[in-house]
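Let's have the full structure, built from the sequences with the hints guiding it.
By the count of this note's numbering, the sequence shown reaches residue 195 at its end, each step adding exactly one.
Be a bit skeptical, because a hint or two may be false.
Said to hold, decoys possible - Here are the simulated BS3-like pairs of lysine-lysine, each with C-alpha atoms no more than 27 Å apart in a straight line:
id	residue 1	residue 2
1	Lys110	Lys164
2	Lys154	Lys45
3	Lys13	Lys130
4	Lys13	Lys45
5	Lys56	Lys3
6	Lys56	Lys154
7	Lys45	Lys130
8	Lys45	Lys110
9	Lys164	Lys3
Calculated directly from the structure, the hints in this document are not laboratory data.
Computed from a predicted structure; not experimentally measured.
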Amino acid sequence: MVKGIVLGIVSGKGGVGKTTTAINLGTALHHRNERVVLIDGSFTKPNISIHLGSPKTPTTLNDVLAGRIPVDQAFYVHASGLCVIPSPIGPTFPEDVDYEALGKLLALLKATHDYIIIDAQPGLGTDVHKTISLTDAVLIVTAPDILSLTDALKTVHLTQHHNKPIAGIVLNNVRREYFELDAHNIEEILEHPVI
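Spelled out as structure tokens, the structure:
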């Protein structure tokens with residue numbers, strides 16, 4: 001029996017490449033013959049299906065969580081072979097998300113997949129708290145500017161609050177500008193390795 005890992009891809013702010021990181025990681029793991037499912041857990045601003053060229057899918061994560069369809073009917077298989085459970089393009093309000101049902105779904109997927117990657121909502125809201133609490137580990141995505149790093153540090157603290165391990169820090173949007181901090185300084189600030 002498979003005992004999959006639920007990995008949350010999180011960021012303290014939007015625009016740092018979190019969704020792109022989630023897609024690329026999922027695709028890379030798939031190409032290593034890992035059984036991967038990528039879930040768009042950014043309920044109020046879902047972007048995975050847009051990034052993958054299918055903005056409108058007939059079924060979504062919301063259909064599964066509401067019990068309207070079984071999970072196997074929500075899978076969308078991208079041309080790359082990556083298995084995705086998209087969220088609807090129209091906004092879903094965080095208070096309408098059934099996190100208990102999401103937890104049950106993740107437990108079900110852990111029995112059949114090696115990795116369940118959740119592209120979480122950006123920021124530090126209640127929805128992010130709840131998503132992190134359902135993961136086995138998180139990967140924090142940030143940019144090398146001080147504003148992004150301040151939010152990344154808050155995300156580190158939030159993750160520690162939930163006693164979840166941090167798999168590492170992904171540093172995105174590096175342009176080597178004078179105002180950017182280097183990987184060594186970022187590791188000192190966040191107290192976790194840049195991978």
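Going through the hints against the structure:
no.	hint	result
1	Lys110 - Lys164	17 Å, holds
2	Lys154 - Lys45	21 Å, holds
3	Lys13 - Lys130	17 Å, holds
4	Lys13 - Lys45	12 Å, holds
5	Lys56 - Lys3	31 Å, violated
6	Lys56 - Lys154	34 Å, violated
7	Lys45 - Lys130	16 Å, holds
8	Lys45 - Lys110	25 Å, holds
9	Lys164 - Lys3	17 Å, holds
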